[in-house]
Amino acid sequence: MYRKLAAAALGVFATVSVAQTDVEKKVEAVEADVIKWRHHFHEFPELSNREFNTAKYIEKFLRSLDLDVTTGVARTGVVAVLDSGKPGPVVALRADMDGLPVKEESDLPYRSTQMGEYNGQEVPVMHACGHDTHMAMLMGAAKILTGMKSELRGKVKFIFQPAEEGAPAGEKGGAEIMVKEGVLKNPDVDVIFGLHISANSDVGTVSYNAGGTMAAVDPFKIVIHGKQAHGAYPWKSVDPVVTAAQMIMSLQTIVSRELKLIDDAAVVSVGSIHGGNRSNIIPETVEMVGTIRTLNKAARDHIYETLPRKVKGIADSMGAEAELTLPLDYYYPITYNDPELTAQMLPTVKRTAGEENTILTKPVTGAEDFSFFQEEIPGLYMWVGGKPLDVPEEESPAHHTPEFYVDDSGMKLGVELLTNLTLDYMKNN
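For the sequence shown, the numbering used here begins at 15 and goes up steadily by one.
Please note that a few of the clues may not be correct.
[Unchecked claim] List time: in silico DMTMM-like cross-link candidates among lysine to aspartate or glutamate, alpha-carbon distance up to 25 Å:
#1 Lys364 to Glu38
#2 Lys441 to Asp204
#3 Lys186 to Glu417
#4 Lys199 to Glu165
#5 Lys117 to Asp330
#6 Lys39 to Asp330
#7 Lys235 to Glu165
#8 Lys324 to Asp277
#9 Lys186 to Glu119
#10 Lys274 to Asp216
[Said to hold, decoys possible] Each pair of labels, with its calculated beta carbon distance range:
#11 Ser270 to Asp315: 33 to 39 Å
#12 Lys250 to Met129: 48 to 54 Å
#13 Ser270 to His244: 49 to 55 Å
#14 Pro353 to Arg167: 20 to 26 Å
#15 Phe66 to Ala183: 18 to 24 Å
#16 Glu408 to Asn200: 24 to 30 Å
#17 Ala43 to Leu122: 43 to 49 Å
#18 Lys39 to Gly102: 20 to 26 Å
#19 His239 to Pro123: 50 to 56 Å
#20 Ile295 to Leu374: 43 to 49 Å
Everything labelled a hint here was simulated from the structure, so no lab data went into it. Quantities reported herein were computed from a predicted structural model and do not represent experimental measurements. Positions of the beta carbon are idealized from the N, C-alpha and C atoms, including for glycine.
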């Protein structure tokens with residue numbers, strides 16, 4: 015669909031199979047519906063674990079395809095199974111459903127004006143990360159694959175997952191809970207594929223990486239207990255503010271001086287620090303929260319061993335006490351693209367997007383709870399471009415911002431990728 019004629023003339027692609035051409039036509043036929051679904055989801059977003067109306071919309075569509083549908087998975091998730099009636103592998107396709115507490119700033123006719131509740135506060139809600147496109151693309155693939163049932167071998171499991179952005183305080187959610195509730199069982203899934211739209215990559219491109227692709231996430235909290243005193247007499251205190259400052263600086267040396275960064279990146283960041291309430295009072299307590307990002311198990315294990323040692327050592331040296339909670343309230347494993355599966359499916363990706371539009375990228379320190387599926391079975395997670403070609407990358411809005419925007423035309427490649435990945439995996443396995 016996105017091939018260049020010059021590439022074909024040079025023999026990069028031999029002949030386009032009848033089946034491939036057929037898929038392209040089916041994608042073109044369903045594109046208007048995909049755009050309509052995306053606009054609906056974008057106009058009516060819902061926050062994590064609150065995707066009730068979104069789930070009903072998806073359920074109604076899946077039942078119209080006469081699929082075996084299960085609702086209420088991990089609270090609001092929807093799962094459907096397409097059974098070809100013939101033996102073969104079970105392929106899972108996943109899309110996430112939740113929006114973010116962000117106020118949309120756009121003039122789109124389908125912009126969101128929805129409100130929701132986040133941690134006890136009323137907040138605006140927006141699909142500021144493209145999950146609206148993910149759901150629409152998966153619905154498009156479901157419609158096409160259902161229409162090709164006679165050509166399939168095995169089963170397809172369509173997974174619409176809530177709470178990828180993280181469950182509200184005090185709740186559990188997302189892929190981790192779906193896995194615990196058995197979403198990869200009955201029937202047992204062999205492989206899983208997922209896509210993420212990218213607001214900063216050109217429409218018509220697909221980006222991938224083998225191995226560690228997105229980072230593991232481990233939030234942490236440190237509470238330092240000292241001794242309160244008047245700010246004019248610091249010698250009477252055990253100062254938790256100064257202790258916190260030394261601790262923050264020391265934690266940076268875990269990455270800069272102890273990890274072999276030429277192999278993989280890692281991050282230890284303190285994102286919040288609170289303590290005291292007046293300029294002339296040294297407080298008794300300081301609390302910090304932060305995040306750890308790693309791209310391989312060795313780095314994660316090293317930080318897990320080193321961080322408690324540094325926290326305790328610095329606290330002891332200052333006469334303070336420190337409590338470390340690691341992980342704090344959740345964690346995401348490394349988003350790990352199985353190298354063998356990636357190599358096996360790369361010809362499909364190149365055939366679908368065009369070799370010149372298939373881009374090998376470096377890992378990123380962002381995170382995705384798709385990783386929980388990949389801990390159980392081989393998985394492949396990729397990015398499809400959503401940036402209009404006439405917009406420079408430096409001018410494209412970032413994800414999770416009020417100006418976030420992706421073009422509808424980017425979804426066409428996503429639908430075709432999900433369809434072809436399924437068809438080719440079934441054919442070759």
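Hint by hint, here is what the structure shows:
Note on Lys364 and Glu38: the hinted pairing holds, with a Cα-Cα distance of about 14 Å set against a maximum of 25 Å. Pair hint Lys441 plus Asp204 holds up; C-alpha atoms about 14 Å apart against a cutoff of 25 Å. Restraint check for Lys186 and Glu417: the C-alpha separation of about 29 Å exceeds 25 Å, so the hint is violated. Restraint check for Lys199 and Glu165: the C-alpha separation of about 24 Å stays at or below 25 Å, so the hint holds.
Straight-line distance between C-alpha atoms of Lys117 and Asp330 comes to about 45 Å, which puts the hinted pair past the 25 Å bound. For the proposed pair Lys39 and Asp330, the alpha carbon gap of about 68 Å is over 25 Å, so the pair is violated. Between the alpha carbons of Lys235 and Glu165 the distance comes to roughly 53 Å, so the proposed pair goes past 25 Å and is violated. Restraint check for Lys324 and Asp277: the C-alpha separation of about 24 Å stays at or below 25 Å, so the hint holds.
Taken as a hint, the Lys186 and Glu119 pair is broken in the structure, with Cα atoms around 30 Å apart against an allowance of 25 Å. Simply put, Lys274 and Asp216 have alpha-carbon atoms about 33 Å apart, too far for the 25 Å limit, and the pair is violated. At roughly 18 Å, the beta carbons of Ser270 and Asp315 sit outside the given window of 33 to 39 Å. In this structure the hint that Lys250 and Met129 lie 48 to 54 Å apart at CB holds, the actual value being about 50 Å.
About 37 Å separates the C-beta atoms of Ser270 and His244, a value inconsistent with the hinted range of 49 to 55 Å. One distance hint, 20 to 26 Å for the beta-carbon pair Pro353 and Arg167, holds here, with the actual separation near 25 Å. Under the hint 18 to 24 Å, the C-beta atoms of Phe66 and Ala183, about 19 Å apart, fit the expected range. For the pair Glu408 and Asn200, the supplied restraint of 24 to 30 Å is violated, since their beta-carbon distance comes to about 48 Å.
Between Ala43 and Leu122 the C-beta distance comes to about 25 Å, which lies outside the given range of 43 to 49 Å. A beta carbon spacing of about 24 Å between Lys39 and Gly102 agrees with the range 20 to 26 Å that was offered as a hint. Separation of His239 from Pro123 is about 55 Å and conforms to the stated range, judged on CB atoms against 50 to 56 Å. At about 55 Å, the CB distance of Ile295 to Leu374 disagrees with the hint of 43 to 49 Å.
Hints 3, 5, 6, 7, 9, 10, 11, 13, 16, 17 and 20, counting from the list given before, are not met by this structure.
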